[in-house]
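Start from the sequences and build out the full structure, keeping to the hints where you can.
From first to last, the protein sequence lines are chains A, B and C.
1 is the number of the first residue of the first sequence in my numbering; add one for each residue after it.
1 is the number of the first residue of the second sequence in my numbering; add one for each residue after it.
1 is the number of the first residue of the third sequence in my numbering; add one for each residue after it.
Any given hint could turn out to be false.
[To be verified] So the derived label-pair ranges between C-beta atoms look like this:
{"#": "1", "chain 1": "A", "residue 1": "L133", "chain 2": "C", "residue 2": "E196", "range": "23 to 33 Å"}
{"#": "2", "chain 1": "C", "residue 1": "A127", "chain 2": "A", "residue 2": "L129", "range": "40 to 50 Å"}
{"#": "3", "chain 1": "B", "residue 1": "V266", "chain 2": "C", "residue 2": "S68", "range": "15 to 25 Å"}
{"#": "4", "chain 1": "A", "residue 1": "L129", "chain 2": "B", "residue 2": "V237", "range": "29 to 39 Å"}
{"#": "5", "chain 1": "C", "residue 1": "R66", "chain 2": "A", "residue 2": "W191", "range": "27 to 37 Å"}
{"#": "6", "chain 1": "B", "residue 1": "V113", "chain 2": "C", "residue 2": "K198", "range": "57 to 67 Å"}
{"#": "7", "chain 1": "C", "residue 1": "S43", "chain 2": "B", "residue 2": "F14", "range": "49 to 59 Å"}
{"#": "8", "chain 1": "B", "residue 1": "V237", "chain 2": "A", "residue 2": "D310", "range": "45 to 55 Å"}
{"#": "9", "chain 1": "A", "residue 1": "W262", "chain 2": "C", "residue 2": "G124", "range": "15 to 25 Å"}
[To be verified] Among chain A residues calculated to face chain C with C-beta under 10 Å, some are:
{"#": "10", "residue": "R160"}
{"#": "11", "residue": "S260"}
{"#": "12", "residue": "E261"}
{"#": "13", "residue": "T263"}
{"#": "14", "residue": "I275"}
{"#": "15", "residue": "D346"}
Hint data in this document are derived by calculation from the structure and do not stem from the laboratory.
Glycine residues also receive a C-beta, built at the ideal position from the N, C-alpha and C atoms.
If you want the building blocks of each chain, they are given just below.
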Amino acid sequence: MREATVKMSVLLGTIFNPARRLPGGQAFDGDMLGYFLQRLAQALVVMLVISALVFAGVYGIGNPIDVLLSPDATQAIREATIKAYGLDQPLWVQYRDFLLRLAAGDFGRSFVFNMPVLELILSRLPATLELTLLAVFGATFAGVPLGMYAGYRPDGIAARAIMAFSVLGFSVPTFWIGLVLILTFAVTLGWLPAGGRGETADLFGVPFSFLTLDGWSYLALPALNLSLFKFAMMVRLARAGTRETMLGDAVKFARAAGESEWTILHRHVLRLIAIPIVTVFGLEFGSTLAFAVVTETIFSWPGVGKLIIDSISSLDRPVMVAYLMLVAFLFILINFLVDIAYAALDPRLRAARAR
Amino acid sequence: MNGNSPLLRFWDEFVENRVALAAFLLVVAIVGIAALAPIVAPQDPYDLASLALADARRPPGFVGSKGFTHWLGTDAQGRDLLSAILYGLRVSLQVGLAAGAFAFAVGATLGAVAAFAGGRTESFIMRFIDLQLSFPAILLALVLAAVLGQGKWQLVTALVTAQYAYFARTAHGAAAAERAKDYVMAALSTPLSARRVVFRHILPNCLPPLIVVATVQVANSIALEATLSFLGLGLPVTEPSLGMLIANGFQYMLSGRYWISIYPGVALIVLIVAINLVGDQIRDQLNPRLRR
Amino acid sequence: MTALLEVRDLATHFATRTGVVRAVDGVTLSLAPGEIIGLVGESGSGKSVTGFSILGLVDPPGRIVRGSVRFEGRELVGLPHGELRSLRGRRIAMVFQDPSATLNPVLTILDQMRLALEAHERIGKAAARARAAEILTRVGIPDAGRRLDSYPHQLSGGMRQRVAIAIALLNRPALVVCDEPTTALDVSIQAQILAEMKSLARESGTALIWISHDLSTVSALASRILVMYAGRVVEEGTVGDVLSAPRHPYTRGLLDSLPSLATPGQDLRQIPGAMPSLSDPPPGCAFAPRCAHAVDACTAMPDLVGAGGRGVRCHRPLGDAP
Chain A
1 MREATVKMSV
11 LLGTIFNPAR
21 RLPGGQAFDG
31 DMLGYFLQRL
41 AQALVVMLVI
51 SALVFAGVYG
61 IGNPIDVLLS
71 PDATQAIREA
81 TIKAYGLDQP
91 LWVQYRDFLL
101 RLAAGDFGRS
111 FVFNMPVLEL
121 ILSRLPATLE
131 LTLLAVFGAT
141 FAGVPLGMYA
151 GYRPDGIAAR
161 AIMAFSVLGF
171 SVPTFWIGLV
181 LILTFAVTLG
191 WLPAGGRGET
201 ADLFGVPFSF
211 LTLDGWSYLA
221 LPALNLSLFK
231 FAMMVRLARA
241 GTRETMLGDA
251 VKFARAAGES
261 EWTILHRHVL
271 RLIAIPIVTV
281 FGLEFGSTLA
291 FAVVTETIFS
301 WPGVGKLIID
311 SISSLDRPVM
321 VAYLMLVAFL
331 FILINFLVDI
341 AYAALDPRLR
351 AARAR
Chain B
1 MNGNSPLLRF
11 WDEFVENRVA
21 LAAFLLVVAI
31 VGIAALAPIV
41 APQDPYDLAS
51 LALADARRPP
61 GFVGSKGFTH
71 WLGTDAQGRD
81 LLSAILYGLR
91 VSLQVGLAAG
101 AFAFAVGATL
111 GAVAAFAGGR
121 TESFIMRFID
131 LQLSFPAILL
141 ALVLAAVLGQ
151 GKWQLVTALV
161 TAQYAYFART
171 AHGAAAAERA
181 KDYVMAALST
191 PLSARRVVFR
201 HILPNCLPPL
211 IVVATVQVAN
221 SIALEATLSF
231 LGLGLPVTEP
241 SLGMLIANGF
251 QYMLSGRYWI
261 SIYPGVALIV
271 LIVAINLVGD
281 QIRDQLNPRL
291 RR
Chain C
1 MTALLEVRDL
11 ATHFATRTGV
21 VRAVDGVTLS
31 LAPGEIIGLV
41 GESGSGKSVT
51 GFSILGLVDP
61 PGRIVRGSVR
71 FEGRELVGLP
81 HGELRSLRGR
91 RIAMVFQDPS
101 ATLNPVLTIL
111 DQMRLALEAH
121 ERIGKAAARA
131 RAAEILTRVG
141 IPDAGRRLDS
151 YPHQLSGGMR
161 QRVAIAIALL
171 NRPALVVCDE
181 PTTALDVSIQ
191 AQILAEMKSL
201 ARESGTALIW
211 ISHDLSTVSA
221 LASRILVMYA
231 GRVVEEGTVG
241 DVLSAPRHPY
251 TRGLLDSLPS
261 LATPGQDLRQ
271 IPGAMPSLSD
281 PPPGCAFAPR
291 CAHAVDACTA
301 MPDLVGAGGR
311 GVRCHRPLGD
321 AP
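Printed below as a string of structure tokens:
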């Protein structure tokens, strides 16, 4: 959960040493198309490995037939159901069938909802995406300036307050912050609802909460809950990067040229620390999707996170498998986009690619 | 320039930060109280005979049928919350420390092996670890906890699997940097001194970053365990950790009985924040770039 | 002629965990317009900190604790931040040792030069580009117009240092403090840059303080030399005087250890020992523990004595009748 500390030290190294790469990423070498194909092939292998692991792991849980049928179902009905879902086949046959269906775009049917898994997940995805995006953007736009300030004046009272707050955001488990938010704003003050999604409006035929005022009142608490950890992380990342760059010769040279502190901060320092920040932004977007599991459960937010927890407790295997595959896919996609952003931000890498 | 051993010097510098010192003492105190829970707790929360339903969900300060004051109130089963928290701390610490220790052992070994094996072995191990690191630990732990079922060791296994990669990465980085140094290269070419070099030079040099990771990861394990237990995927009901106490109280919070969730949560947070503060200070002290 | 820069009894100390480091402890120097002086000493002698102190660029925990820096008749110590900033880059500029660390790796040369221009005037894009290209050409960068869009990593070390020099000269300052600008470069590039600096300074009337550990570099450039040791000036004089008739045993030692002055086939002579700790210096002359001529009197700090810009801080200066 707090892998950030380790990740951060890796990332900070990249400011001054672009040769150091991130988990999952590789430096450009050769032409763009070759690079793209190489990454694609790699992604396919990774997806295959993950699908096998996920399938094997998930199909080890309990006996789904108990979930599908009432305890007093006859033996004949039991066997018919087992056959219908292919549960009598050996595991590898089930996996092979699963892969074949997967290739055809069929993720199976949910045992519990009795509808295609893909449709089920896609219907829940917008709610999660809007929550996650709001949380990550909010955390970045609030966290980076505050963190830079804390790094610029590390001994000031404001910097200490910002850091103390970020230690809290970093240390306190998300679910606990959720509880406190509910207790404060929903139970005690009664300002905001404790759960649900509120009124939605359609955009491109998809319902979103952020389009209505009522929706915002439902969105506020879970988004705040989900963003606090990312906020703390952005604060720390920006602070550490700022502190380090402020001590460097580049800043001293800019000062010697008479540039104002404001120019130095937003033209020099921000550009230098933008590289790890964009990376974290991407990677954290993925892990925020994962953390949405907790937030959605607490605030009864009807997204994919709540769906996966419900599926785990009801042993709805196809949903679990499809969800994990989806997350893995998103991660690979994000890693790829982060690498592209990296090259755009760091001219040293662009040069390496052009060579 | 006081203190003669490096450890002593480290400690001297550590205690200069009052906050870190307070946090360290707090961690020691919490571990002590948790270890002594059966002696200091007013009630054995696992002993069903000592529970009375008439005492359930009473606010802090309530004097129960057993004649003693429930300073933090009681939970839904009529358990004294203070006792439940002390026992819960015990469980959380056990799980956190066990997970941290195993993850340390597995991860550091793997990382060091990768660094020294080099070649294909190294790139295979590190590729796998990078892949895992790009995947959120909580999801991994969530799925594993679900797959393995409830139980203390199942949970520890899930946590170790989710966290060993951080140790492996750190150990690999440090060991690879050491290995590249000339004296190690020279020593490794003579079989006799290789062992000595590993134990006398390489391990001690890899230890500081690993200790930082370990501090952070123990706090993580505790938080992760609480999260999983809160989601109903962690420990069995017979051994309630702090996370489960919080989860049990959640349903009563909306009706204003805040204490069942809030007090175990406060205990959890104090513990995690204190560990993280200690870890922060250690990291700052070990970071040569911030040293003056 | 009135002095461009007058530094009097300047002291910059660093409060560290292990005590107060007196990096600069009572430096006095003056500089006429267009003059080039060399500030020489080994690492840790306080020569760089002196340079930073003149521009008010000492990072905490360092602090100017006493003394005065008068530049163009204005006192710089204690000057409000805004006024000091408007002087920096416009009237006083600085060039650093390592060009790969001073330039921002993620901004183009043009962007960095524009930031330096915009710090002091409102200037349009086209005008800034023209000014930047012109000055790059002057510092000897071929095809300057095209180089403007490069990033620092695309240039060689020598080119990068030329860009840094160009940025320093951009606003035609009256004084440039050069902190070992050629140390990190190849010897052949060093010589080129030295020659260029000298002619640039002459044609624009810019005064230079050239900080270096290398007496021979400085002697090729400067008209006067100040030798620093342990935070103090121990000898000053014209290049000719100092090189041909050094009076401080430390200067003598520095000269003796120069390969170019050594007799072929003989070992270079070294100064025995190392510079004392600046947080806990010995009483009296800081060089005494390493000095072959030290006597009991050296446990008291000697004054810098002399006249007409020729001075030495020694109880038993060389060349005196015994």
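Please test the hint of 15 to 25 Å on the beta carbon pair from W262 (chain A) and G124 (chain C).
At 21 Å between Cβs, range holds.
Using the beta carbons of V113 (chain B) and K198 (chain C), state whether their distance is inside 57 to 67 Å or not.
Taking Cβ atoms as reference, V113 (chain B) and K198 (chain C) lie about 59 Å apart, which means the hint holds.
Consistency of beta-carbon spacing, D310 (chain A) to V237 (chain B), with hint 45 to 55 Å:
violated (20 Å)
Restraint: E261 (chain A) near chain C, CB-CB cut 10 Å. Satisfied or not?
holds (8 Å)
Interface hint outcome for T263 (chain A) [beta carbon to chain C under 10 Å]
holds (6 Å)
Given a hinted range of 15 to 25 Å, is it respected by the beta-carbon distance of V266 (chain B) and S68 (chain C)?
violated (58 Å)
Minimum Cβ distance from R160 (chain A) to chain C below 10 Å?
Where the cut-off is 10 Å and the nearest Cβ of chain C is about 16 Å from R160 (chain A), the hint is violated.
Verify the CB-CB distance for R66 (chain C) and W191 (chain A) against the hinted window 27 to 37 Å.
For R66 (chain C) and W191 (chain A) the Cβ distance comes to about 59 Å; the hint is violated.
L129 (chain A) and V237 (chain B), beta-carbon distance inside 29 to 39 Å?
With a Cβ separation near 35 Å, L129 (chain A) and V237 (chain B) satisfy 29 to 39 Å, so the hint holds.
Is the interface hint satisfied for S260 (chain A)? The criterion is a beta-carbon contact with chain C at less than 10 Å.
holds (6 Å)
Hint check, I275 (chain A) versus chain C [nearest Cβ-Cβ separation less than 10 Å]
holds (8 Å)
Indicate whether the distance between the beta carbons of A127 (chain C) and L129 (chain A) respects the range 40 to 50 Å.
With Cβ atoms ~47 Å apart, the hint holds.
Violated hints, in rising order: 1, 3, 5, 7, 8, 10; the structure is consistent with all others.
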